[in-house]
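Kindly produce the complete structure, drawing on both the sequences and the hints.
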Amino acid sequence: MTAETAQNAEMVVHGLEWTVKELFTYPNEFIYWTIQIVMYPFLTGLVAGAFVLSSLYHVFGQDDLKDIAKFSLLFSFALLLVAPMPLLFHLQQAQRNWEVMLTPHFTSAIAAFGMVFSVYMAIVASEIWFVHRKFFVEQVNDLRNKEGIGNAILRIIYSVLTLGAHDISDAALHKDERAVKMLAGIGIPVACFLHGYAGFIFGSVKANALWMTPLMPVIFIMSAIVSGIALCLLTFVLIMEWQKWQISRHGRRHWQMSADEVKGAEIDMVKKVSKYLIGFLVAAITLELLDLIFRGYTAVKSWDILRSVIYGKDFVNIFILQYTVGNLVPFILLLLPGLTVKRAVLSTLLVLFGVFMMRWNVVIGGQAFSLTFAGYMHYHLPIIPHNLETFKEGLFGALLMGGLPFFFFWIFNKVIPSLKYK
Amino acid sequence: MKFSRRELLITAAKGALITALPMGAIKFLEPKEVMAEIKGPGKVRWAFLVDTYKCVGCGLCVKACKNENEVPYDTPVTRTWVERYIIKKDGEMLADSPMGARDGFTENKIRETAVDPKDIAKAFFVPKLCNQCDTPPCVQVCPVGATYQTTDGVVLIDRSWCIGCGYCIMACPYGVRFFHPVHKVTEKCNFCYHRITKGLNTACVDACPFGARMIGNLKDPNDPVTKIVLTERVGVLKSEYGTKPQVYYLGLDENVR
Numbered sequence: 108m109t110a111e112t113a114q115n116a117e118m119v120v121h122g123l124e125w126t127v128k129e130l131f132t133y134p135n136e137f138i139y140w141t142i143q144i145v146m147y148p149f150l151t152g153l154v155a156g157a158f159v160l161s162s163l164y165h166v167f168g169q170d171d172l173k174d175i176a177k178f179s180l181l182f183s184f185a186l187l188l189v190a191p192m193p194l195l196f197h198l199q200q201a202q203r204n205w206e207v208m209l210t211p212h213f214t215s216a217i218a219a220f221g222m223v224f225s226v227y228m229a230i231v232a233s234e235i236w237f238v239h240r241k242f243f244v245e246q247v248n249d250l251r252n253k254e255g256i257g258n259a260i261l262r263i264i265y266s267v268l269t270l271g272a273h274d275i276s277d278a279a280l281h282k283d284e285r286a287v288k289m290l291a292g293i294g295i296p297v298a299c300f301l302h303g304y305a306g307f308i309f310g311s312v313k314a315n316a317l318w319m320t321p322l323m324p325v326i327f328i329m330s331a332i333v334s335g336i337a338l339c340l341l342t343f344v345l346i347m348e349w350q351k352w353q354i355s356r357h358g359r360r361h362w363q364m365s366a367d368e369v370k371g372a373e374i375d376m377v378k379k380v381s382k383y384l385i386g387f388l389v390a391a392i393t394l395e396l397l398d399l400i401f402r403g404y405t406a407v408k409s410w411d412i413l414r415s416v417i418y419g420k421d422f423v424n425i426f427i428l429q430y431t432v433g434n435l436v437p438f439i440l441l442l443l444p445g446l447t448v449k450r451a452v453l454s455t456l457l458v459l460f461g462v463f464m465m466r467w468n469v470v471i472g473g474q475a476f477s478l479t480f481a482g483y484m485h486y487h488l489p490i491i492p493h494n495l496e497t498f499k500e501g502l503f504g505a506l507l508m509g510g511l512p513f514f515f516f517w518i519f520n521k522v523i524p525s526l527k528y529k
Numbered sequence: 226m227k228f229s230r231r232e233l234l235i236t237a238a239k240g241a242l243i244t245a246l247p248m249g250a251i252k253f254l255e256p257k258e259v260m261a262e263i264k265g266p267g268k269v270r271w272a273f274l275v276d277t278y279k280c281v282g283c284g285l286c287v288k289a290c291k292n293e294n295e296v297p298y299d300t301p302v303t304r305t306w307v308e309r310y311i312i313k314k315d316g317e318m319l320a321d322s323p324m325g326a327r328d329g330f331t332e333n334k335i336r337e338t339a340v341d342p343k344d345i346a347k348a349f350f351v352p353k354l355c356n357q358c359d360t361p362p363c364v365q366v367c368p369v370g371a372t373y374q375t376t377d378g379v380v381l382i383d384r385s386w387c388i389g390c391g392y393c394i395m396a397c398p399y400g401v402r403f404f405h406p407v408h409k410v411t412e413k414c415n416f417c418y419h420r421i422t423k424g425l426n427t428a429c430v431d432a433c434p435f436g437a438r439m440i441g442n443l444k445d446p447n448d449p450v451t452k453i454v455l456t457e458r459v460g461v462l463k464s465e466y467g468t469k470p471q472v473y474y475l476g477l478d479e480n481v482r
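Note that the protein sequences, when read in sequence, are chains W and Y. What the first sequence shows, in the working numbering, is residues 108 to 529, in sequence order. What the second sequence shows, in the working numbering, is residues 226 to 482, in sequence order.
The list that follows gives simulated cross-link-like pairs (lysine-lysine, DSBU-like), each with its CA atoms no further than 35 Å apart:
| hint | chain 1 | residue 1 | chain 2 | residue 2 |
| --- | --- | --- | --- | --- |
| 1 | Y | 288 | W | 408 |
| 2 | W | 408 | Y | 313 |
| 3 | W | 288 | W | 241 |
| 4 | W | 521 | W | 351 |
| 5 | Y | 409 | W | 420 |
| 6 | Y | 343 | Y | 279 |
| 7 | W | 288 | W | 370 |
| 8 | W | 128 | W | 408 |
| 9 | W | 420 | Y | 347 |
| 10 | Y | 334 | W | 128 |
| 11 | Y | 288 | Y | 313 |
| 12 | Y | 334 | W | 313 |
| 13 | W | 313 | W | 408 |
| 14 | Y | 452 | Y | 463 |
| 15 | W | 128 | W | 420 |
| 16 | W | 313 | Y | 279 |
| 17 | Y | 313 | Y | 347 |
| 18 | Y | 314 | W | 408 |
| 19 | W | 128 | Y | 469 |
| 20 | Y | 268 | W | 313 |
| 21 | Y | 334 | Y | 288 |
| 22 | W | 128 | Y | 279 |
| 23 | Y | 288 | Y | 347 |
| 24 | Y | 334 | W | 420 |
| 25 | W | 420 | Y | 343 |
| 26 | W | 408 | Y | 347 |
| 27 | Y | 409 | W | 313 |
| 28 | Y | 463 | W | 420 |
| 29 | Y | 463 | W | 408 |
| 30 | W | 408 | Y | 452 |
| 31 | Y | 409 | Y | 288 |
Now the in silico label distances, taken between C-beta atoms and shown as ranges:
| hint | chain 1 | residue 1 | chain 2 | residue 2 | range |
| --- | --- | --- | --- | --- | --- |
| 32 | Y | 342 | W | 214 | 43 to 53 Å |
| 33 | W | 415 | Y | 343 | 27 to 37 Å |
| 34 | W | 214 | Y | 385 | 20 to 30 Å |
| 35 | W | 404 | Y | 343 | 33 to 43 Å |
| 36 | Y | 247 | W | 397 | 40 to 50 Å |
| 37 | Y | 435 | W | 415 | 34 to 44 Å |
Here's a subset of chain Y near chain W, in silico, CB distances under 10 Å, partners left out:
| hint | residue |
| --- | --- |
| 38 | 299 |
| 39 | 364 |
| 40 | 366 |
Derived by calculation from the structure, the hints in this document are not laboratory data. Each residue gets a CB set at the ideal place from its N, CA and C atoms; glycine is no exception.
Laid out in structure tokens, this is it:
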């Protein structure tokens, strides 16, 4: 390899690989924010939604949500760990990410990320601790008499998790409950802030005609809650089905319910949670349509190009995939009487797809037209990676991000079983 | 010693107050404010003047810029570029800037389609570069302060501090920013800051055979650029974004994007 080809080999114009330009665009314009930036608000949205679902029980005393509340809280934590990773994957100088914490430049919407994120993480972690403290202490006491290296290790883990607070008297537990309620209460506005702020990152970019709207943060929060509830419900059903399958295969263990009991609990929960899902779905769609109507009615300078993108180039993505398949169809499916678990599963899958498409249409759609308002850019998602960049910003990078929360949840659930019934 | 809850709260409040009061007396300064305090009020505000009547679209400025600033020559990204506009008699606007017009406009084809000279109502060239805005949105959105405005108005990038998030690229309404293909951080025109601060012209100004590009100091009333900006009818690009751009154009057409 000559020096020249060596230089060419490392020379990658970021975005050139997956951007196809049409008509008049500026030379430096490319799709700079790609699928990882779609994953970022999608995952943050799931975090916020899962947390709000658990808080509906802890704060507002919606007792019908008791069983799913514990689970969605832990799941929210697993999602939270993954939420910033798409951003890391996307950075050109990922090794410098700590600068956001070290030298935050507060006029930037991204600068507060570290702080908002850490505060939220602390709230969720401490809430999980208060909810499970009694369980930790009980485990330490139970494992004391058991032999074997596995039990010894487990006991050490639980001892650490108790943080030395072994008091499980009624008075102490009552205090725990109060702490949980308070943390969940603080957590709701912080969760909304965390996600509304992800919306602000886009909504405040005045150079982007599609992104710039004060409605963006609110739209993001609503669709976040929708997607979070849908994912929690979906995962809940899948785990219940798994338990049923295991019971039918291996027989019932002492702490488990019978297969019929599981089935009853399952459909009960599905019906209750889907009510909340419908409510937030209506709010999300209303806001999005309001935004669209307002843009068309006021028809400022950018409307010509926006219209050609919304009603032309991205028509299938926006009106067919997002609004029809992702919103309208699950809405009807959930409203039809006699809701079954299968129908609910299909609906939640469609809702999740719809919210993902909404993020896609905002992030990619916002870069589908040129700053010249006289040209377009098309994004071609890299599927088979042939270098690090096409992996990171391609299909498999995104799938990795989508799969990690489930992996983390699986690990957490080994130590903190959030789906066990008493 | 044991604290009651009441005592603890009172002591904590007192402590917070004692810390907060002197903190209130401290004023946090922007780096450029510090510089201004040290160096005295600025005597320089760099600005650029483009005379679009004089530009012929030869692309020598783009060549010179790429070489001077080490932006890889065969990549489409560039710190400065020239756009060609053709307004047809039926009102249709056609525009292009292939490879940023590095090799000049030598054919009457726009994107493989030839335009019949008889159909053309007017045609002209518009050089573009960073506007070194007075209120730069790119500086506002940088999460780590890696891009900043100097006291003389030029917006610079710290290559050793940029994390490469691309937020500034998104925030610029003029599309002047891109990721440097080698350094992997954001890059843009800085009026050849290494040259102008030594009394030289920018590379593009020196390369232009027709004097279509000029750089000057708006705080010097005798500067040729200042005189033209003050006395003639000049325009700026996309003023509606409130960025207060400092690249002035003579003969700016309403079709220019």
